[in-house]
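Peer 1: For reference, the chains in residue letters:
Number of protein chains: 2
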Amino acid sequence: MMKNNLKRIEDLTVTIVGLGVIGAAFAQSFKEIGIKTVYGIDIDEETIKKAEEKNMINKGFLETREPLEKSDFVVITLYPNLMKSFFVNNINYFKENAIITDVVGIKEKIIGDIDPIIEENNKKNGKNIDFIFGHPMAGREKRGIDFADNRVFKGANYIIIKDKKNKKENLELLSEIVKCMGFKKVSFLTAQEHDEIIAFTSQLTHAIAVSLVNSDSEKYDTNRFIGDSYRDLTRIAKINEDLWAELFMGNKKNLLKMIQQFERELDIIKDALNNNDLGTLKEKFIISTKRREKID
Amino acid sequence: MMKNNLKRIEDLTVTIVGLGVIGAAFAQSFKEIGIKTVYGIDIDEETIKKAEEKNMINKGFLETREPLEKSDFVVITLYPNLMKSFFVNNINYFKENAIITDVVGIKEKIIGDIDPIIEENNKKNGKNIDFIFGHPMAGREKRGIDFADNRVFKGANYIIIKDKKNKKENLELLSEIVKCMGFKKVSFLTAQEHDEIIAFTSQLTHAIAVSLVNSDSEKYDTNRFIGDSYRDLTRIAKINEDLWAELFMGNKKNLLKMIQQFERELDIIKDALNNNDLGTLKEKFIISTKRREKID
Numbered sequence: 001m002m003k004n005n006l007k008r009i010e011d012l013t014v015t016i017v018g019l020g021v022i023g024a025a026f027a028q029s030f031k032e033i034g035i036k037t038v039y040g041i042d043i044d045e046e047t048i049k050k051a052e053e054k055n056m057i058n059k060g061f062l063e064t065r066e067p068l069e070k071s072d073f074v075v076i077t078l079y080p081n082l083m084k085s086f087f088v089n090n091i092n093y094f095k096e097n098a099i100i101t102d103v104v105g106i107k108e109k110i111i112g113d114i115d116p117i118i119e120e121n122n123k124k125n126g127k128n129i130d131f132i133f134g135h136p137m138a139g140r141e142k143r144g145i146d147f148a149d150n151r152v153f154k155g156a157n158y159i160i161i162k163d164k165k166n167k168k169e170n171l172e173l174l175s176e177i178v179k180c181m182g183f184k185k186v187s188f189l190t191a192q193e194h195d196e197i198i199a200f201t202s203q204l205t206h207a208i209a210v211s212l213v214n215s216d217s218e219k220y221d222t223n224r225f226i227g228d229s230y231r232d233l234t235r236i237a238k239i240n241e242d243l244w245a246e247l248f249m250g251n252k253k254n255l256l257k258m259i260q261q262f263e264r265e266l267d268i269i270k271d272a273l274n275n276n277d278l279g280t281l282k283e284k285f286i287i288s289t290k291r292r293e294k295i296d
Numbered sequence: 001m002m003k004n005n006l007k008r009i010e011d012l013t014v015t016i017v018g019l020g021v022i023g024a025a026f027a028q029s030f031k032e033i034g035i036k037t038v039y040g041i042d043i044d045e046e047t048i049k050k051a052e053e054k055n056m057i058n059k060g061f062l063e064t065r066e067p068l069e070k071s072d073f074v075v076i077t078l079y080p081n082l083m084k085s086f087f088v089n090n091i092n093y094f095k096e097n098a099i100i101t102d103v104v105g106i107k108e109k110i111i112g113d114i115d116p117i118i119e120e121n122n123k124k125n126g127k128n129i130d131f132i133f134g135h136p137m138a139g140r141e142k143r144g145i146d147f148a149d150n151r152v153f154k155g156a157n158y159i160i161i162k163d164k165k166n167k168k169e170n171l172e173l174l175s176e177i178v179k180c181m182g183f184k185k186v187s188f189l190t191a192q193e194h195d196e197i198i199a200f201t202s203q204l205t206h207a208i209a210v211s212l213v214n215s216d217s218e219k220y221d222t223n224r225f226i227g228d229s230y231r232d233l234t235r236i237a238k239i240n241e242d243l244w245a246e247l248f249m250g251n252k253k254n255l256l257k258m259i260q261q262f263e264r265e266l267d268i269i270k271d272a273l274n275n276n277d278l279g280t281l282k283e284k285f286i287i288s289t290k291r292r293e294k295i296d
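Heads up: the sequence lines are chains W and G, in that order. Each residue of the first sequence is one higher than the one before, counting from 1 in UniProt numbering. Each residue of the second sequence is one higher than the one before, counting from 1 in UniProt numbering.
Hint data in this document are derived by calculation from the structure and do not stem from the laboratory. Worth double-checking, as some hints may not be accurate.
Since the list can't tell identical chains apart, any single copy or any two copies may satisfy a pair.
Below, computed lysine-lysine pairings styled on DSBU-like, alpha-carbon distance capped at 30 Å [stated by the list, open to error]: (1) 31 / 179; (2) 219 / 154; (3) 167 / 31; (4) 167 / 109; (5) 219 / 294; (6) 179 / 219; (7) 252 / 282; (8) 257 / 238; (9) 282 / 84; (10) 252 / 270; (11) 253 / 282; (12) 185 / 219; (13) 154 / 167; (14) 270 / 84; (15) 219 / 165; (16) 142 / 184; (17) 253 / 109; (18) 282 / 238; (19) 184 / 123.
Based on the provided sequences and hints, a complete structural model is requested.
Peer 2: Structure follows, in structure tokens:
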């Protein structure tokens with residue numbers, strides 16, 4: 001079964017839409033796991049040239065029609081707000097039974113945008129394309145193909161949004177592809193579950209890092225007075241403002257709830273300080289230590 | 001000058017009080033930079049044995065008198081709340097003109113505890129010992145000699161508390177020793193300045209990491225849904241509860257102020273979310289990105 005699928009994976013014709021830092025890393029991985037035909041679509045000619053020169057893809061395209069018509073498997077790595085117009089403009093080009101996936105960090109909104117287009121098209125022309133929404137939990141602060149590095153995928157988590165309309169064998173195939181790419185734990189969630197847990201592990205952490213850096217009074221030359229703790233907590237304050245403003249706003253209900261939960265814990269520390277309550281501080285530190293020890 | 005001092009550094013007789021994760025790393029560095037005589041004091045016989053076997057020290061002692069009487073330079077790496085009693089019990093053993101330093105992460109309180117003891121003793125017996133308070137901005141989450149690793153010092157920051165009673169040549173010597181150990185930027189601050197900036201870069205970051213981990217509702221198996229951002233922001237939630245409860249409480253005025261400043265920034269993000277204000281989010285992300293780019 002595994003062997004058959006691996007054979008099948010190698011023989012898929014694959015297109016990546018968007019050869020940015022994540023799209024190009026997918027390309028690297030697809031080549032690495034032996035996929036024979038990897039196409040790339042990008043709006044930037046220079047990027048396509050680089051991807052071809054670095055042998056990340058077999059061929060790059062500015063136009064979408066030719067590669068989409070040939071592809072069994074398509075990975076869309078566009079910004080969330082470009083997804084809908086991409087589908088409106090390209091829905092007719094997809095191959096019959098094509099499997100499509102994405103990498104967007106919020107799911108309810110994006111699925112609400114895309115699913116009706118797919119369904120309407122499937123009804124109309126019976127092409128039966130299967131969009132399986134996904135989220136690789138790995139990224140980089142920098143943008144663009146020059147910073148693509150698929151080593152960030154090794155050992156990382158992957159979330160697949162499982163919907164009853166997705167074909168079981170396609171869900172299995174996607175899971176197998178990402179495991180071949182080096183992702184370690186693949187989980188299946190609903191869009192609602194995804195957005196709730198991701199508001200905590202991803203959007204809240206970015207809100208905190210940004211607020212921490214921005215709360216610096218800059219009275220001192222901070223760089224001289226930091227240790228690894230400040231470096232670690234602020235690394236993601238270097239942030240792609242267009243992408244993350246969208247992600248925050250597209251998941252605001254969950255994010256606001258997570259900020260509130262976080263502030264409640266911070267209040268307990270404040271109260272303990274104000275009341276000289278060493279016991280509560282120690283208790284909170286013991287809990288956080290035990291919880292953090294369970295994290296890889 | 002540099003050469004003469006280096007010669008002088010090698011010939012110093014040095015004692016480290018407390019061979020925990022930081023004390024033992026100091027011992028490693030002292031050996032590495034060529035200091036010929038490094039003694040260690042610890043209350044745990046097993047620890048002393050390990051330090052001797054690993055050639056971190058020339059000789060270890062359970063008793064304090066002999067090594068202190070011989071030492072030109074003494075590094076105290078005890079917990080803050082053990083510092084005062086250590087000085088009360090051992091003040092008479094220090095050698096004439098001895099230079100003493102510490103590694104405690106808060107300064108006003110500890111200096112207030114220790115300085116009167118030193119001054120009284122210097123007046124009484126004219127031994128002229130010079131305590132220069134210091135803070136290496138490097139550490140590890142784990143405790144004990146088994147986790148000592150002086151590579152954490154390489155490239156790290158060091159703060160020296162400069163007081164008018166400290167001898168200029170001794171301040172220079174300490175600065176030179178820590179630079180030889182691999183620390184990169186050595187800064188001189190008052191105790192008040194130290195505690196203010198450290199409340200921001202160190203204690204606030206730990207308060208945030210602990211609160212983040214503790215605000216996890218644990219509705220999901222968090223470990224399956226994290227990326228590097230959550231890993232980075234929570235690494236220091238694994239925390240030595242005894243040490244950090246003391247550090248928080250000993251610097252509570254500054255820490256409460258820093259938490260307030262941080263919460264003000266988080267409020268701006270909350271307001272932007274509630275008001276669908278994409279512009280403010282982007283603006284905040286651009287500011288944090290620019291600031292973070294300036295950090296090593």
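Peer 1: Look at each hint and say if it fits the structure.
Peer 2: Against the structure, the hints:
For a Cα distance limit of 30 Å, the shortest separation of residue 31 from residue 179 inside one copy, 14 Å, qualifies, whereas the shortest one across copies, 47 Å, does not. In the homo-oligomer, the alpha carbons of residue 219 and residue 154 lie at most 30 Å apart only across protomers (26 Å), although the nearest pairing inside one protomer, at 41 Å, exceeds that limit. Taking CA atoms no more than 30 Å apart as the test, residue 167 paired with residue 31 passes inside one copy only; the shortest distance there is 25 Å, against 64 Å between copies. For a Cα distance limit of 30 Å, the shortest separation of residue 167 from residue 109 inside one copy, 22 Å, qualifies, whereas the shortest one across copies, 65 Å, does not.
Within a single copy, residue 219 and residue 294 get their C-alpha atoms only as close as 38 Å, which misses the 30 Å cut-off; across copies the closest is 15 Å, which meets it. Only between protomers do residue 179 and residue 219 lie at most 30 Å apart by alpha-carbon distance; the minimum there is 25 Å, versus 48 Å within a single protomer. Proximity of residue 252 and residue 282 under a CA criterion of 30 Å is satisfied inter-copy only: 15 Å between copies versus 33 Å inside one chain copy. Within a single copy, residue 257 and residue 238 get their C-alpha atoms as close as 24 Å, and across copies as close as 25 Å, so both meet the 30 Å cut-off.
Taking the shortest Cα distances, residue 282 and residue 84 sit within 30 Å of each other only across copies (22 Å), while inside one copy they are farther apart (50 Å). Proximity of residue 252 and residue 270 under a CA criterion of 30 Å is satisfied in both settings, with 26 Å inside one chain copy and 9 Å between copies. In this homomeric assembly, residue 253 and residue 282 come within 30 Å of each other (Cα to Cα) only across copies, at 18 Å, whereas the closest approach inside a single copy is 32 Å. In this assembly of identical chains, the alpha carbons of residue 185 and residue 219 lie at most 30 Å apart only when taken from different copies (18 Å versus 44 Å within one copy).
Taking CA atoms no more than 30 Å apart as the test, residue 154 paired with residue 167 passes inside one copy only; the shortest distance there is 27 Å, against 54 Å between copies. Taking CA atoms no more than 30 Å apart as the test, residue 270 paired with residue 84 passes between copies only; the shortest distance there is 27 Å, against 45 Å inside one copy. In the homo-oligomer, the alpha carbons of residue 219 and residue 165 lie at most 30 Å apart only across protomers (26 Å), although the nearest pairing inside one protomer, at 57 Å, exceeds that limit. Taking identical chains as interchangeable, the C-alpha atoms of residue 142 and residue 184 lie at most 30 Å apart whether they share a chain (23 Å) or sit on different chains (27 Å).
Within a single copy, residue 253 and residue 109 get their C-alpha atoms as close as 12 Å, which meets the 30 Å cut-off; across copies the closest is 44 Å, which misses it. In the homo-oligomer, the alpha carbons of residue 282 and residue 238 lie at most 30 Å apart only across protomers (12 Å), although the nearest pairing inside one protomer, at 32 Å, exceeds that limit. For the identical chains of this complex, residue 184 and residue 123 are neighbours neither inside a copy (36 Å) nor across copies (66 Å), given an alpha-carbon limit of 30 Å.
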